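Take the given structure of chain A and dock chain B to it, following the hints.
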Amino acid sequence: MSELQRQPGGYINLRGDADDRSFLACVMSAIGFGLPTTANTFTADEEGSRRAYWLGPDEWLISTERGQVSSIVGQLEASLREHAAAINDVSGGYLLIELAGEEGLQTLLRGTTLDIASAVSRAGHCAQTTLAKANILLSCIDDRPVYEIIVRRSFSEYLLRWLRQTQHSLAGLDSSS
Amino acid sequence: MQAFRLDDGGRIDRSKPLTFRYNGRKFVGFAGDTLASALLANGVSIVGRSFKLRRPRGIVGCGPEEPNAIMQVGTGASTEPNVRATQVELYDGLVARSTKGWPGVRFDVGAVNNLFSRLFAAGFYYKTFMRPRALWNWYEKFIRLSAGFGRAPKESDPETYEHVNAHCDVLVAGAGPAGIMAALAAGKAGTRVIVADEQNEFGGRLLAAPATSGECEWLQRAVAELESLPNVSMLPRSTVFGYYDHNFVTVLERCNDHLALDDRKGPRQRVWRIRARKVVLAQGAFERPLVFCNNDRPGVMQASAVSTYIHRFAVCPGRRAVVFTNNDSAYRTAQDLASAGAEVTLVDSRVSPPPDRRERLENAGITVIPGHVVVNVDGVRRVRRVRIGRWNGDLTAPVKPAISVDCDLLAMSGGWSPAVHLHSQAGGRNTWDDDRLCFVPAEPGQANRSAGSCNGQWSLRRCLEEGRDAGMAAAEDCGRQPVNIDIPDLDDGDSHAIEALWRVPAATDADRCPKQFVDFQNDTAVSDIRLAVREGYRNVEHVKRYTALGFGTDQGKLGNINGMAILAECLDQTIPATGTTTFRPAYTPVTFGALAGSNVGPLFDPVRTTALHEWHQAKGAPFEVVGQWHRPWYFPKAGEDLHAAVNRECLAVRSSVGVMDASTLGKIDVRGPDAVEFLERIYTHNIGKMEIGRCAYGVMLGEDGMLMDDGVMARLGEQRFYLTTTTGGAANVLSWLELWLQTEWPELEVYLTSLTDHFSTIAVAGPNSRRVLEKIGCSIALDKASFPFMHMREAELAGMPVQLFRVSFSGELAFEINIDSELALAMWQTVMDAGEEYGITPYGTETMHVLRAEKGFVIIGQDTDGSVTPVDAGMNWLLSKDKDFLGKRSLSRPDCLRDDRKQLVGLTSVDGASVIPEGAQLVNDPSAPKPVPMCGHVSSSYYSACLNKPIALALIEGGRARKGETLYAVVRDGSTIEAEIVSPVFYDPKGERQHV
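If you read the protein sequences in the order shown, they are chains A and B.
Note that the numbering used here has the first sequence beginning at 1, numbered continuously upward.
Note that the numbering used here has the second sequence beginning at 1001, numbered continuously upward.
The shape of chain A in the complex, shown without the other chains:
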């Protein structure tokens, strides 16, 4: 059984008009790569250390190292000065939990109604769904596969408990973690 951990990160919530080419260009110049405009996908910079997840037609979540957040927020604000946009540092609001392999998949199947095989089995795809009774942003970052769960901080303790119990159950152990 893998050891489950909650990791903090850097997150920026961005809202703006995706139909506005100039908005997209300004964001690209600020973060170094383009925002995804296809539903349920994410884009990343070359090193893969920064990502932008599609959350809605006018909303994205940019993830990065925590130390980078204020400079990226600054660059976005400067770049989007002429645009109606909402840039919010939401780093404190999310924690990341990783699941991997067949065990990870089996765990997810016990909590989400999403068809993982067709929704997020390919790298670059993400989905907002529920896992057990918590809202999550789920993505598959490589083909091993490794699944990333981004969950609101206040739900993370509940979710961790659910994940641990489910993994215990999968391992045929008694519940209670």
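Don't take each hint at face value.
What the hints assert, rightly or not - Here are the in silico distance ranges between beta carbons for each label pair: (1) A:Q128 x B:P1622: 33 to 41 Å; (2) A:D58 x B:R1429: 41 to 49 Å; (3) A:Q128 x B:R1972: 45 to 53 Å; (4) A:A25 x B:Q1862: 44 to 52 Å; (5) A:G48 x B:A1644: 52 to 60 Å; (6) B:D1263 x A:G34: 25 to 33 Å; (7) A:P8 x B:Q1862: 30 to 38 Å; (8) B:E1227 x A:S29: 55 to 63 Å; (9) A:Q5 x B:Q1829: 18 to 26 Å.
Read the hints as simulated data drawn from the structure, not as lab findings.
Note that the coordinates shown come from a computational prediction; the quantities given were computed from them, not determined experimentally.
Ideal Cβ placement from N, Cα and C applies to all residues, glycine included.
For chain B alone, coordinates are given in the frame of chain A:
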């Protein structure tokens, strides 16, 4: 001593004997047995007492339709009631009890009911126990005691359960010949297939074929081939029990129930929640009983079940058998019985049964009596003899018994009813087939197909063909190239002719003859259906409820079609005109544990925690559940109870400084060129006039003008605002705002972002709060002039970036610190350290409530209930006259303008000591004639330590005009507390303390 076990054959493992206890006695069966087959092998003929009449009953079937062998399996907390012995796989150490019969099944005191069976007709309870009305409570105790099957354990369930979600192209329900062919066809075409079957082995009816037959050989090959397909998931011991909209199908998998207790690990049962693109239904069919006098005696069984027990379990349930049929299928049972060494007589209602069939039986030494029917059965604890008479097809002419045959087994076959349950649950209708005498599926209600005997196909070859065709069609629908597969040459040579025989008339008046049972589990007989019709019931659903036909664990799988045919006869109409009752989930009983899955105990509902939760836990704070949040309720010191702790916490805030975790407040960032216009429409006060850096208390109303939520907002920029909402209302408010933006006002360019989880909020309140922050080291000046009340500033506190708000929910000088949740614990600790010299006191929600009540601040949802306007709550000052806002027009409705609406006021107990219970109703005159008119209720009530008296907030009709009057709060024990109506602001009415 397994006296009825055959020497060889069967799918049992004679090298693995299993010991089990039934009604306290020890028995031995074999691996591969069901509890039912093991009981039959051991010659146990009585397995229960009937529901109402307490007649001894034996095993009738071999599947979910079994009406009598209803067991309590297991002991202690894990015991499960209502289990069909026919569906319980035997394991070593199994403990089972009959659920009916007291003191035991062989002798039951209640059997006296049978002597008075005419009294216990349909509607007996309604008619007998209705009067006198007052005695019902007394009757009920005894009726409840004798009702039901088994007992639910009182202990909590130690087992675990889980849910699994799955998606597939093709779901196949049932793995008999049709289901296996469908799964093979769909699987070979490359679709994602799930095939589920309720039994431990795939094969369905083929499991009852002789071991050396071609059927068994094919089955083995076909299952091996299915196993070799990686895209096919096979779920044995898995019942498809529900078919819902959009091809959402639920399956109950019994993971552990077949294992010895020591071998069990992991979840006991699993509910599969499957979304399938296409569904193939191949559930098979149920054999119908025949309806004649005393047809419920132990030893009267379904013919197909007898065959199954012989071939699958190597148990021959009798030595001298009579087979009674109206169709061809039971001829095979007669042969099976003969091959197992039984002496067999076959009684066929048809005058001319197929000659080749008859000849085959007679060559095997079986007596065939055509044109006759079984009229009655002798024997109470077990069939001893059957009475047979000539049948001329006339239901109005009683059949006189002419021949008697001694026997210990009566195998009956009244034809077959397709299991149309899932097809019907999916919204499909059924049509009556006059040749096959059964309901067959008509157009499917969803993307599903029925195949095999659940589609009314009886011949093995047709079942295989239909299964293959359904699998190929489903694969094609999923965009796959269908792959043809050969149909094995397994024609069973059976013809399937049938003649209608819904009941055997034993007397001119069916009410005078011995009981002719239609539904064994509910003791519903022909006479009950006739009575229901005589009393005016016409609709099949009404007759069901009056007679209990089709209730219970089998839900009419055995007796319903017979019952409907008899009802049709009574109503002188056709069977299709009579129709069926509704087929609803669950197909077979499902445990509550399985339905709950892992959502029990601490996982029942999400627990939301703040970034400071562990600190609160370490301090021993009990938690109050607010929405899904767990908030610290109070922080008791050693020996303190709630009241002592709250009094101490309140006084600390009023006299020095307290600190509270307010992180659960909803927080929303609002931005965009139209932010002001948007918020003007949402909130009741003027937004545009707010200066940057200014805070304001605001309320939002529903369209009905009622208070919906409240909170402090701040203007952070020309086009940027920060809103707070109540803890419980956060998600709803965000949805509400998005709803208006997206659907009604899309022209407004405004963006909303939830910051609830990002920011933790630390409220530092009390006269020394400024000193604490100054001591920590703040990047901005905190004095009154530089940072006045109701303003916000961005600053650094102890080097950490924060938003500071000079707002107060306590009425004291106070600051709220918004900080990145990742840094919240560090900040909290910094505040605690700096405050130590001032005796800084952490406080919880209870103290927060007392402090705000002393100031008359309402809590939405506690002091309001969706019927309180801002005017009722005394917030007229918040209602802008210069603009429109949501709910404004509703405030001028005549009802909102009444003088006698309930209005928010304060209350103090006249005795100065009694704390009025929250929720107490208020009356002007407790001695008024009942019902005493109520004039309001108490919404909040506390003991105020700083005022040294109880205080309360109440909603009272026309209350504001009644200040100084007294009235009475009615306590649950009937006593009253006299209270005076006062202003709701008890403390610092001028608000000077928060402005310092």
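Right, here's what the structure says about each hint:
1. A:Q128 x B:P1622: 33 to 41 Å: Since Q128 of chain A and P1622 of chain B have Cβ atoms about 35 Å apart, the given range 33 to 41 Å holds.
2. A:D58 x B:R1429: 41 to 49 Å: 46 Å, holds
3. A:Q128 x B:R1972: 45 to 53 Å: 47 Å, holds
4. A:A25 x B:Q1862: 44 to 52 Å: Between A25 of chain A and Q1862 of chain B, where Cβ atoms are some 50 Å apart, the hint holds.
5. A:G48 x B:A1644: 52 to 60 Å: 56 Å, holds
6. B:D1263 x A:G34: 25 to 33 Å: 56 Å, violated
7. A:P8 x B:Q1862: 30 to 38 Å: 35 Å, holds
8. B:E1227 x A:S29: 55 to 63 Å: 57 Å, holds
9. A:Q5 x B:Q1829: 18 to 26 Å: For Q1829 of chain B against Q5 of chain A, whose Cβ atoms are near 23 Å apart, the range 18 to 26 Å holds.
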